[in-house]
Structures are given as C-alpha cells and as structure tokens.
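Peer 1: Each chain, letter by letter, is given below.
Number of protein chains: 2
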Amino acid sequence: MIKVCLLGAGNVATHLYKAFKSAQDVHIVQWYNRDLKKISTYKNDVTIIDDISKLSEADIYIIAVSDDAISTLSTTLPFENRLVAHTSGSVNIHDLDKKNRRGVFYPLQTFSKEVPIDFNEIPICLEALDKNDLDILTHLAEAIGSTWYKISTEQRQTLHVAAVFVNNFTNQLYRIAHEISDAKNINFEILKPLISETAKKIQEVSPYMAQTGPAKRNDKKTIKKHLKLLEKENHKAIYELLTESIKKTHGVSSPPRTRKEKSK
Amino acid sequence: MIKVCLLGAGNVATHLYKAFKSAQDVHIVQWYNRDLKKISTYKNDVTIIDDISKLSEADIYIIAVSDDAISTLSTTLPFENRLVAHTSGSVNIHDLDKKNRRGVFYPLQTFSKEVPIDFNEIPICLEALDKNDLDILTHLAEAIGSTWYKISTEQRQTLHVAAVFVNNFTNQLYRIAHEISDAKNINFEILKPLISETAKKIQEVSPYMAQTGPAKRNDKKTIKKHLKLLEKENHKAIYELLTESIKKTHGVSSPPRTRKEKSK
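The listed protein sequences correspond, in order, to chains V and H.
Numbering follows UniProt numbering, in which position 67 of the first sequence is assigned residue number 67; successive positions increment by one, without gaps.
Numbering follows UniProt numbering, in which position 83 of the second sequence is assigned residue number 83; successive positions increment by one, without gaps.
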C-alpha cells in the first residue's frame, strides 16, 4: 500500500485523485489545496486540508499545481527528507526544494476536467534522483495501471515540446480545417473519419511512411490551387510552411525563391 | 444491381474494386487499366481489359486515375451520354468530357495500398449535374456501406484543402515530434496515446473547445523554453506560426514585435 498526499486541485490533480482513489494499492492520506472549496465535493471520501502545516506522513507527496507554483510550494512543505514529486512536463526536478527527496511523475496526456481518463492508456514519465525513490514512483504508476518510462529532465522537456506538436498544434490544424469548412457551409463531420484514420495509421506505421498528398508528391499544380483557395493569410502561411517541411523531409525541396514566385 | 466499369489501378481504384466486389448490389462489368499487369492479380475474379474501345455497357464508369489524367481519359471513352464519375478531391466536374453525363464520387480518406479500408467508415462526397445521376451515385455509395454527402465542386475542393490540413500536415507534425524525440533517444511510443486521444477528443468536442497548452494560456515562459529547446530552424518556425495561430483563435494575440523580441 502506497500512502499518498496530493497537492493541488487542477485537471491533473483531479484525475490523479480519481485514479488513486480507485487503485487498490494506493491510500490517499490527504488532499491539500489552498482553496478548500475547489475540492470540497470530495470531503466525504478523503481528508481535505487547506493548511499546509497539517500535512501528515506519507510515502510520497504529489505536487500537481501550475508550473510557476511548484517551486514555491515545495519550499513551504513542513518536513524534510521525504519523497516529493511534481507532475509537470517542463519543470526541472531541481526546482523542487532540496530539503526533500525529489521526483517527477508526469502523465503524458491531454486532460480536460469533463472527460474521464483511463490511466491504463496513459504513459507516465518518471524521474528520481535516487533508485529507491524511482521504485516508489514505478509502484505508484503501476498501481493505477499506467505504463511508465524512466525519463531524464531533458528528455521530459523535449517530450513536452513534442506533445505540443502532436496535441496543441494538431488540434489547431483541426481548428483551421473547421474554419475553412464552415466558411463554405461544409459539415465538419465529413472530416472526422479522416482525422481518426490519420491518428490510427501512426500506431502501426512511422509518420515518415504514412505521409501522402500533394507536398510529398511535389504536385505543384494542386499546391498552387490550394493556396489560391485559402482566404486567410494565416492559413496560407501555415500551408506553405508545412508543405515546405514535408518536401524537406521527403527530399523533394525546391529552392525557396522559386517556391515564393510560384505561390504568388 | 448497379453495373460498374472501373478505370485505373491506383490506391483508390484498388480499394474501390474490393468494396464493389464484396457489395451485394454491385456488379463490376470490367476493370480497365492501360497497363494490364497492375491488375492481373484479379483476372480470375473480374474481367480485366487494357483496350478502352472494348468498354461494355454499364450504369456508371468510375475513373479513378491521377488528377492530371482524368480529363484526357474521359475524352477517349468510346461512348456518349453515359454516367462517368471521377474520384478526385480537386478536379472540377466540368473537366470530364461533356459528351457523357458527369459525376463525382470522392471518398474522403487516406488510402495506402497495404492497409485494408472499411468503407463503412468513409464519407463519400457526391456531385452530379443531373438528379437521376445523383441517385445512381447515392445508390452506389450506399451499396458499399458508406455515408454520403452532396457536395458542390467548390465545397469538394475546399474539403480537399481541409483534408491536407488534418491529414498531411497533421502527419507532418507527428513526423516532427518523431524527429525531436529521436534526437534525444526518446521512445516515440510514449507519444502515441496522446496522438490517439487528440483525434478522439475531436469526435465529441469542437477543436476550439478542445484546445489546451501554452499558446492558448499565453504562457510566455513555457513558449520561450520550448523555442530554446528546438534545434532546427524549421521546427522553430512551425512552433512560432502555430502558436500565433492558436493565440489568434483564442484572442490572446500579442503584438508581433513584442513576440519576436521575446522569442529571441
């Protein structure tokens, strides 16, 4: 049985609370938040506190607060030499106050408050300065059914950038497709199967092998047609930059000047 | 029973062949390709021909060849006033020779020769100049279990651009994430659940509502950190452009000059 104190009340904290609560091998000793109201819904199921000096003994303290608040919160902990882990993709493990043993427990996934999360599907990136602490982190990850990976701070920060590409930026491409379709009264539903299939394909085939389309074929006629169809400058710019990127990846790049002339 | 002649031997033609073949209400009269070798595998299951003058009578002739070849092929058809439909996302319906009745049967999906396709999952965009011809196209779409949409040429061409965004460009973002991860010896597997979830979320929630991350929060510190971590200029440029695009969508745009200064 791993005894956990959870700190914070955002999306990650709330999803971790639910996962810990339903895990057989995890006991949530306390859930701390400076504003009790945000977690008061759960007061009958777990001990909730807003006074950090009242934190009890536990095997691990999970700090799931915003990146900027992690370091400061770690200095206010009323104990020493216990395992404290944050859940951020970008904060350095050394930003945690060194009076405690330090770790990272970073679930790589997109969290929305409303959408239930299955931790079986979520890889957790673990980091610890000490082998025994890494064991505690792996046990905790396994207790909630997650696959875990030992990842250095630099690797985690790189993953965080990569996650922005495959999540935030991909989602923005969906958004642009939505805008383009709406402008011509096209039902966005038509594009959903393609969105699914694009993500599905990558589970088996590398993105390099999965690529198709006018940029990869260097089909200048279609590219020109598409650029003419796009009405917003921002959409055009993204189209041009990603087309160049695909061409570069697949070795069909044309000299920049020629390209600029052609797209005018 | 709809009698079909299929023309072409690429990915779309091959997948359509299989779908038509297994559909109860479709009979493939002939499969034409100028190079017989490409379809000779199927010679025991269907009549294959390489002489266009030998095309028999059918309810519909599906031209599934490359965009550039559609128009010319349509002029060589040895008959008049029959229904001829191409399968392209970007070719105008009027590019088909007007000696025949014209239509479009455009399956909006990414096709790889190796990956089997379930047409139940594929929306088909239909266009015809005549109501009766549209009926034939809808029957054909329904016969292979597809959902269909009546789409104008302009809408279809717009959808084709939108498809480039959600498929080719999204896949290139996956590729960049793959490159970034590889450079730091990070297993790309870690990102796959996030890729799946990002596509899955959009099936229920609009891309606007689904957005999260540093750009949407206008989290300048993280954005700066990410730009510093990115080693390739091309990756930096894409990061900056898509970050600006997200900021603009969510009304958190900062003046360009300030942004440029900050990202340095």
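Certain hints may be false.
Since copy identity is lost for identical chains, a pair holds within one copy or between any two.
[Said to hold, decoys possible] Taking lysine-lysine pairs in the DSSO-like style, the calculated list, with each CA pair at most 30 Å apart, reads:
#: 1; residue 1: Lys18; residue 2: Lys236
#: 2; residue 1: Lys131; residue 2: Lys248
#: 3; residue 1: Lys216; residue 2: Lys18
#: 4; residue 1: Lys200; residue 2: Lys38
#: 5; residue 1: Lys37; residue 2: Lys184
#: 6; residue 1: Lys21; residue 2: Lys184
#: 7; residue 1: Lys54; residue 2: Lys98
#: 8; residue 1: Lys200; residue 2: Lys3
#: 9; residue 1: Lys232; residue 2: Lys248
#: 10; residue 1: Lys232; residue 2: Lys37
#: 11; residue 1: Lys221; residue 2: Lys37
#: 12; residue 1: Lys131; residue 2: Lys37
#: 13; residue 1: Lys221; residue 2: Lys21
By construction, these hints were calculated from the structure, which means they are not laboratory data.
Peer 1: Sort out which numbered hints this structure fails and list those numbers smallest first.
Peer 2: 1, 2, 5, 6, 8, 10, 12, 13
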